[in-house]
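Make the full structure from the sequences, and use the hints.
2 protein chains.
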Amino acid sequence: MSLVKKPVTGMKDILPREMQIRDYVTKVIKETYAGFGFLSIETPCVEHIENLCSKQGGENEKLIFKILKRGEKLDLANAQNEEDLTDSGLRYDLTLPLSRYYANHANELPLPFKALQIGSVWRADRPQKGRFRQFVQCDIDILGDASNLAEIELILATTTALSNIGFKGFTVRVNDRRILKAMADYAGFAPEDYDKVFIILDKMDKIGPDGVSDELIGAGFEKASVDRYCALFTEGEGSTDSIRQLRETISDHLPDDCAKNLITIMETAKQISEADFKILFDPTLVRGMSYYTGTIFEIGMDGFSSSVAGGGRYDDMIGKFTGQRTPACGFSIGFERIITILMDQDFAIPNATEKYAFLIEKGAGDERIAGVMQEAMQMRRSGKQVLVAQMNKNKKFQKEQLVKEGYQAENIRDFYNTEMKRD
Amino acid sequence: MSLVKKPVTGMKDILPREMQIRDYVTKVIKETYAGFGFLSIETPCVEHIENLCSKQGGENEKLIFKILKRGEKLDLANAQNEEDLTDSGLRYDLTLPLSRYYANHANELPLPFKALQIGSVWRADRPQKGRFRQFVQCDIDILGDASNLAEIELILATTTALSNIGFKGFTVRVNDRRILKAMADYAGFAPEDYDKVFIILDKMDKIGPDGVSDELIGAGFEKASVDRYCALFTEGEGSTDSIRQLRETISDHLPDDCAKNLITIMETAKQISEADFKILFDPTLVRGMSYYTGTIFEIGMDGFSSSVAGGGRYDDMIGKFTGQRTPACGFSIGFERIITILMDQDFAIPNATEKYAFLIEKGAGDERIAGVMQEAMQMRRSGKQVLVAQMNKNKKFQKEQLVKEGYQAENIRDFYNTEMKRD
Chain A
1 MSLVKKPVTG MKDILPREMQ IRDYVTKVIK ETYAGFGFLS IETPCVEHIE
51 NLCSKQGGEN EKLIFKILKR GEKLDLANAQ NEEDLTDSGL RYDLTLPLSR
101 YYANHANELP LPFKALQIGS VWRADRPQKG RFRQFVQCDI DILGDASNLA
151 EIELILATTT ALSNIGFKGF TVRVNDRRIL KAMADYAGFA PEDYDKVFII
201 LDKMDKIGPD GVSDELIGAG FEKASVDRYC ALFTEGEGST DSIRQLRETI
251 SDHLPDDCAK NLITIMETAK QISEADFKIL FDPTLVRGMS YYTGTIFEIG
301 MDGFSSSVAG GGRYDDMIGK FTGQRTPACG FSIGFERIIT ILMDQDFAIP
351 NATEKYAFLI EKGAGDERIA GVMQEAMQMR RSGKQVLVAQ MNKNKKFQKE
401 QLVKEGYQAE NIRDFYNTEM KRD
Chain B
1 MSLVKKPVTG MKDILPREMQ IRDYVTKVIK ETYAGFGFLS IETPCVEHIE
51 NLCSKQGGEN EKLIFKILKR GEKLDLANAQ NEEDLTDSGL RYDLTLPLSR
101 YYANHANELP LPFKALQIGS VWRADRPQKG RFRQFVQCDI DILGDASNLA
151 EIELILATTT ALSNIGFKGF TVRVNDRRIL KAMADYAGFA PEDYDKVFII
201 LDKMDKIGPD GVSDELIGAG FEKASVDRYC ALFTEGEGST DSIRQLRETI
251 SDHLPDDCAK NLITIMETAK QISEADFKIL FDPTLVRGMS YYTGTIFEIG
301 MDGFSSSVAG GGRYDDMIGK FTGQRTPACG FSIGFERIIT ILMDQDFAIP
351 NATEKYAFLI EKGAGDERIA GVMQEAMQMR RSGKQVLVAQ MNKNKKFQKE
401 QLVKEGYQAE NIRDFYNTEM KRD
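Chains as they are written, first to last, in the numbering used here: chain A, 1 to 423; chain B, 1 to 423.
Note that these hints are calculated values from the structure, not bench results.
No incorrect hints appear here.
Mimicking DSS-like on lysine-lysine, the simulated pairs with C-alpha atoms at most 27 Å apart in a straight line are: (1) B:K55 x A:K69; (2) B:K384 x A:K27; (3) A:K62 x B:K5; (4) A:K62 x B:K73; (5) A:K55 x B:K5; (6) A:K384 x B:K270; (7) A:K362 x B:K270; (8) A:K12 x B:K320; (9) A:K355 x A:K384; (10) A:K73 x B:K73; (11) A:K12 x B:K69; (12) B:K393 x A:K260; (13) A:K168 x A:K270; (14) A:K69 x B:K6; (15) B:K30 x A:K12; (16) A:K73 x B:K12; (17) B:K12 x A:K62; (18) A:K320 x B:K5; (19) A:K27 x B:K355; (20) B:K73 x A:K129; (21) A:K12 x B:K73; (22) A:K30 x B:K384; (23) A:K5 x B:K73; (24) A:K69 x B:K129; (25) A:K73 x B:K55; (26) B:K69 x A:K55; (27) A:K270 x B:K362; (28) B:K6 x B:K404.
Selected chain B positions facing chain A (in silico; Cβ < 8 Å): (29) E42; (30) L68; (31) L387.
Ideal Cβ placement from N, Cα and C applies to all residues, glycine included.
This is how it looks when you write it as structure tokens:
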């Protein structure tokens with residue numbers, strides 16, 4: 001077998017320039033979230049196949065990278081299908097492993113538990129521009145808090161993190177799965193059809209109200225219901241007032257306090273956060289995953305069609321591991337999207353350390369080299385970055401490369417062999 | 001299929017207490033290495049099976065987690081063996097992916113290229129205490145520098161990183177594969193037997209000189225050769241003088257400058273590094289991997305039998321990808337070992353941010369909650385960590401848990417519902 005230079009299909013090598021931005025963003029996010037009392041945790045990248053295929057992951061379960069059984073467990077001769085060949089796979093998100101983790105360790109953890117996870121996940125999606133089969137997710141979750149303190153803290157922390165990275169003028173959209181259901185109930189759809197209805201509603205931003213109406217009718221729903229349903233969305237996204245208005249219409253179908261709960265979340269988050277953003281009620285916001293049970297949220301930025309963060313309340317997932325209902329709510333920053341935006345903007349890392357390069361001519365004596373290194377160590381001690389390297393034959397090209405890596409030309413110094421010339 | 005709470009065999013969930021130490025050590029290492037001009041990079045965790053099984057990884061190739069082919073590529077009906085089922089696997093180290101990365105991107109990178117990688121690797125080793133099937137490696141490598149500037153910088157950077165983490169009094173042991181070969185040649189062993197001889201020599205610290213001698217004879221080598229060989233190791237590890245002494249004996253078998261090269265590395269590293277360590281020549285140091293071509297090194301600490309860092313020069317690996325020889329030298333910190341040592345020492349993170357917890361009584365009104373959150377945001381702005389959480393019924397237990405997570409009891413504040421009592 002001959003060696004392959006390219007990374008495997010759909011995954012990427014990260015070059016230093018991008019890595020510096022990734023490291024910087026990771027640092028800002030970690031520091032911000034630590035400020036809110038979120039505790040970093042980690043789960044293995046490899047997860048039990050039973051857990052990965054437990055219907056928590058929706059469509060993602062079709063995209064799992066499965067790992068071959070090993071040793072005696074692999075019985076190829078008698079294997080009937082894929083299931084016989086594999087007992088584990090790469091995680092496709094961080095929420096399912098978090099639920100397993102919490103089920104396993106709840107009694108070692110504070111309650112409520114505020115968790116921060118930054119880690120790679122894998123999905124065997126069709127490769128396409130800007131979408132990779134290995135990518136980083138960045139999740140905060142609050143487990144064990146049924147109150148809207150959780151939602152408010154998650155929105156505060158996430159908007160603060162985005163603001164600390166340097167983003168302004170973004171929009172937080174919120175909704176509640178129970179409002180979504182109440183609207184569907186009010187319109188006269190049957191509960192077993194809700195998911196089908198929501199999948200069509202989710203296309204509102206792409207196909208508009210007429211498109212949604214057409215698709216619903218095309219899917220066989222009664223025109224009366226569809227009309228009643230679509231009339232609820234004429235206002236579009238709006239302030240807390242639009243929740244109050246909607247409440248008047250659908251109050252018979254809505255759990256008590258559900259609307260007030262969402263209004264408090266919006267008002268408090270907006271009042272307390274120091275980030276520059278709008279917060280809007282969006283009755284068409286669905287969020288794909290069926291595990292959401294209450295509040296759902298998403299952050300968008302002008303000029304970018306897909307969201308940069310999303311999340312919601314999922315009070316039923318952990319109970320599937322423990323048998324005991326544990327309220328849970330999470331917010332995930334679209335790390336890769338953030339990095340793409342910053343790379344496209346040619347983002348300059350604020351307050352970057354000053355970088356120096358000391359190039360030593362070939363053939364310099366040991367003492368000469370030691371002298372240069374000593375000077376470099378002194379500068380490092382005072383907080384500077386100093387690269388010490390051999391001077392190449394093509395010194396000009398070497399310096400151009402260093403400038404490309406962020407070294408200022410005047411900080412690149414030549415050290416010649418003193419026995420030959422003086423510098 | 002029912003859900004599984006435990007992580008997969010041999011892998012572990014990382015609890016917040018350990019994670020804080022891991023994050024701190026990662027930060028210190030990254031900052032230290034950046035100071036030396038190392039650039040962070042990343043490769044995918046998934047690697048081509050051809051590369052993983054290319055005989056660069058020695059025994060590790062037997063421990064690969066292989067990933068099942070997907071879709072039409074998986075032809076179970078006609079699969080004869082494992083090879084037919086898999087086209088990729090999880091990387092077992094960071095050196096092989098680095099070589100592929102460099103082969104793929106050399107013209108986009110500075111020369112010499114100083115790379116820093118911190119990332120997980122996977123080996124399906126027999127699970128045992130303190131050894132996991134997913135673990136973090138932390139490697140620095142200098143590619144494209146044939147001179148001993150590379151070795152010196154690697155030793156300086158690694159000793160500085162260990163020192164910055166807080167370690168003192170450790171020992172750097174160095175040797176050179178070419179000295180190992182010269183000694184074997186001097187003793188009269190045939191080149192094809194060198195690896196066999198070195199595997200036995202590698203046991204010196206466990207079985208002593210008599211044990212090594214016995215095993216060599218037991219392996220069928222001539223007594224005259226074995227005696228001549230073992231006489232070279234009577235001095236044990238030592239200063240640069242012991243290299244000079246050895247050189248007099250074996251100079252006919254040693255490449256010019258090989259001994260001087262090692263002496264310069266030892267003297268310069270010791271002279272320049274500000275860390276508190278010894279550097280010793282250890283003629284019995286072998287390092288397992290057969291890909292090493294020159295200098296090899298290892299760092300040990302009193303009281304720990306296995307090493308905390310290791311590395312060496314491997315000038316031939318990248319050429320296997322590119323067809324063009326590229327000198328390379330690397331040093332890897334045993335990240336998991338460092339973490340284990342620090343956890344066992346109950347390591348306290350220096351200058352940790354002050355942590356506060358604000359506990360809000362259930363039923364507190366929205367305004368009350370907003371007020372507490374506002375105060376928390378103010379303190380966060382001044383650099384403090386503030387957890388805002390619901391007060392549990394068992395407040396005493398909740399506080400004990402928080403103290404366990406590093407909150408000082410006097411920094412945990414209760415906020416009662418003002419409509420009921422005053423705090």
